[in-house]
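Chemist: Assembly of the complex is requested from the two constituent chains, each provided in isolation within its own frame, with the hints serving as guidance.
Residues per chain are reported as follows:
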Amino acid sequence: DGGITQSPKYLFRKEGQNVTLSCEQNLNHDAMYWYRQDPGQGLRLIYYSQIVNDFQKGDIAEGYSVSREKKESFPLTVTSAQKNPTAFYLCAIQAADNQPQHFGDGTRLSIL
Amino acid sequence: GDSVTQMEGPVTLSEEAFLTINCTYTATGYPSLFWYVQYPGEGLQLLLKATKADDKGSNKGFEATYRKETTSFHLEKGSVQVSDSAVYFCALSAATGNQFYFGTGTSLTVIP
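First to last, the protein sequences are chains A and B. Residue numbering for the first sequence follows my numbering, starting at 23 and increasing by one per position. Residue numbering for the second sequence follows my numbering, starting at 2 and increasing by one per position.
Each hint should be verified, as a subset may be incorrect.
[Claimed, not checked] With a Cα cut of at most 25 Å, we get these calculated SDA-like pairs of lysine to any residue:
no., chain 1, residue 1, chain 2, residue 2
1, B, K69, A, E94
2, A, K93, B, T97
3, B, K57, A, N120
4, A, K79, B, Q100
5, A, K79, A, S132
6, B, K61, A, G64
7, B, K78, B, T6
8, A, K31, B, T105
9, B, K78, A, G62
10, B, K78, B, D56
11, B, K57, A, A118
12, A, K31, B, G42
13, B, K53, A, D52
14, A, K93, A, T27
15, A, K105, B, G42
16, B, K78, B, E43
17, B, K78, B, P113
18, B, K53, A, E94
19, B, K57, B, G42
20, B, K69, A, D119
21, B, K53, A, Q121
22, A, K93, B, T29
23, A, K93, A, A118
24, A, K93, B, N99
25, A, K36, B, G42
26, A, K79, B, S4
27, A, K79, A, P107
28, A, K31, B, S86
29, B, K53, B, G98
30, B, K53, B, T25
31, A, K92, B, N99
32, A, K31, B, D56
33, A, K79, B, K69
34, B, K61, A, Q121
35, A, K79, B, T29
36, A, K31, B, D85
37, B, K69, A, A118
38, B, K61, A, N120
39, A, K93, A, K105
It should be emphasised that the hints constitute simulated quantities derived from the structure, not laboratory data.
So that you can see chain B by itself, here it is in the shape it has in the complex (with noise of 0.2 Å):
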């Protein structure tokens, strides 16, 4: 069936520092691809999306692009800060009906 792995945690880095979050993911068809923020004792809320190969996603300074030669969709960040600490969940709606799959969250700290 359908799934998606990332990256596990926790990624501690100093601000300013290029950030990356793996993703992949096992599909039939041509999944879209979401990734989430969950911000401490809060909801998760959409980071950005991707909905068919080589789209690329991007919302505040993130981006990841739908790869899918290699099955990912890495989450990536050129110079991320101390606001930007919280827990990253990848995620895939499925092609057809609406099984929707969260990876398992990877925990994001960053130092001054």
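Just chain A, with the same shape it has in the complex (with noise of 0.2 Å):
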């Protein structure tokens, strides 16, 4: 979606190295949110964030950090202790309750 743009479409990862997952948006959008997505499988929530210097857990938020320092932004960090990175991220962005999400073309991420 335009004003969206994640970063770097493919991430490589070697055993016991911290990744960080690039998210940005130009949308003046309050909501952020970060999903996993494994082949053939639906989409579930790592982290989201409604607010500056202010961010939730989701279902699967063991191994992941984020943080929201910017409006704009809201990067992704994939630590050493996430044993099975690999997947497919994806970002999203929403303006408003009961407003729908637009997602970013996102980032796929595998280990060396």
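Modeler: Quick look at the structure:
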């Protein structure tokens, strides 16, 4: 979707390494979300943030960390504690309650 | 709690066939309902939405009607094309708060 950018498109992680996925938006939306999608599966919520300097755990937060220092940015760090990080990661934004979420193009993370 | 249930796939249709993908929901109050489409290697794109009972969302020949009495939001298209091959997700935005719920996705393949 226009206005939300995820980078990089592909990312490789070595064992024991932390990696950070970027999500940037220029639509001035308050709410931002991170999802994980495994092959042939639906979406699982990792973390979300409704306001700067505040975020909440989703259903599968273990092994991940986030920050929300600026309204337009919500980076996700996949830590070495996440033992099975290979997946497709999607960032989404939402303007307000009851509004649709809009997604970035995703980052595919693989283990070297 | 709120939830979304959609028919499992995969679904395979011939070009120009009629498509129905069933979606039912459980929610308190009056949620907003959405259909998203995901093409291989991409993020989710909003296909259509409906925000109140009896609303009909439509886009690119796809339609879905918000049925409060049957708690359903089935996706339909009268004549599918090969380019419609994708995964389709039904989703719900809760009436209060900004909780968002996705179905598990239905894979559609259209053959010439």
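Chemist: Next step is simple, just say for each hint if it's right about the structure.
Modeler: Status of each hint after checking the structure:
1. K69(B) with E94(A): Between K69(B) and E94(A) the Cα gap is close to 36 Å, so the pair fails against 25 Å, i.e. violated.
2. K93(A) with T97(B): Since the Cα atoms of K93(A) and T97(B) sit roughly 22 Å apart, the hinted pair holds (cutoff 25 Å).
3. K57(B) with N120(A): holds, 16 Å
4. K79(A) with Q100(B): holds, 13 Å
5. K79(A) with S132(A): holds, 23 Å
6. K61(B) with G64(A): Status holds; Cα separation ~23 Å.
7. K78(B) with T6(B): holds, 19 Å
8. K31(A) with T105(B): With a Cα-Cα distance of about 23 Å, the restraint between K31(A) and T105(B) holds, given a limit of 25 Å.
9. K78(B) with G62(A): holds, 23 Å
10. K78(B) with D56(B): holds, 17 Å
11. K57(B) with A118(A): Between K57(B) and A118(A) the Cα gap is close to 21 Å, so the pair holds against 25 Å.
12. K31(A) with G42(B): holds, 10 Å
13. K53(B) with D52(A): holds, 24 Å
14. K93(A) with T27(A): This hinted pair holds, its Cα atoms lying about 14 Å apart.
15. K105(A) with G42(B): holds, 23 Å
16. K78(B) with E43(B): holds, 22 Å
17. K78(B) with P113(B): With Cα atoms ~16 Å apart, K78(B) and P113(B) stay inside 25 Å; holds.
18. K53(B) with E94(A): Violated, because 30 Å separates the two Cα atoms, which is more than 25 Å.
19. K57(B) with G42(B): violated, 29 Å
20. K69(B) with D119(A): Holds. K69(B) to D119(A) sits at ~20 Å (cutoff 25 Å).
21. K53(B) with Q121(A): holds, 12 Å
22. K93(A) with T29(B): violated, 30 Å
23. K93(A) with A118(A): Distance of about 14 Å is within 25 Å: holds.
24. K93(A) with N99(B): holds, 17 Å
25. K36(A) with G42(B): holds, 22 Å
26. K79(A) with S4(B): Holds, at about 19 Å.
27. K79(A) with P107(A): holds, 17 Å
28. K31(A) with S86(B): Satisfied, since the Cα-Cα distance of roughly 22 Å is no more than 25 Å.
29. K53(B) with G98(B): holds, 17 Å
30. K53(B) with T25(B): OK: K53(B) and T25(B) at ~15 Å, within 25 Å.
31. K92(A) with N99(B): holds, 20 Å
32. K31(A) with D56(B): Given that 25 Å is the threshold and the Cα spacing comes to 37 Å, the pair is violated.
33. K79(A) with K69(B): At roughly 31 Å apart (the allowed maximum being 25 Å), K69(B) and K79(A) break the hint.
34. K61(B) with Q121(A): holds, 20 Å
35. K79(A) with T29(B): OK: K79(A) and T29(B) at ~23 Å, within 25 Å.
36. K31(A) with D85(B): holds, 24 Å
37. K69(B) with A118(A): Judged against 25 Å, a Cα distance of about 23 Å means the pair holds.
38. K61(B) with N120(A): holds, 23 Å
39. K93(A) with K105(A): violated, 30 Å
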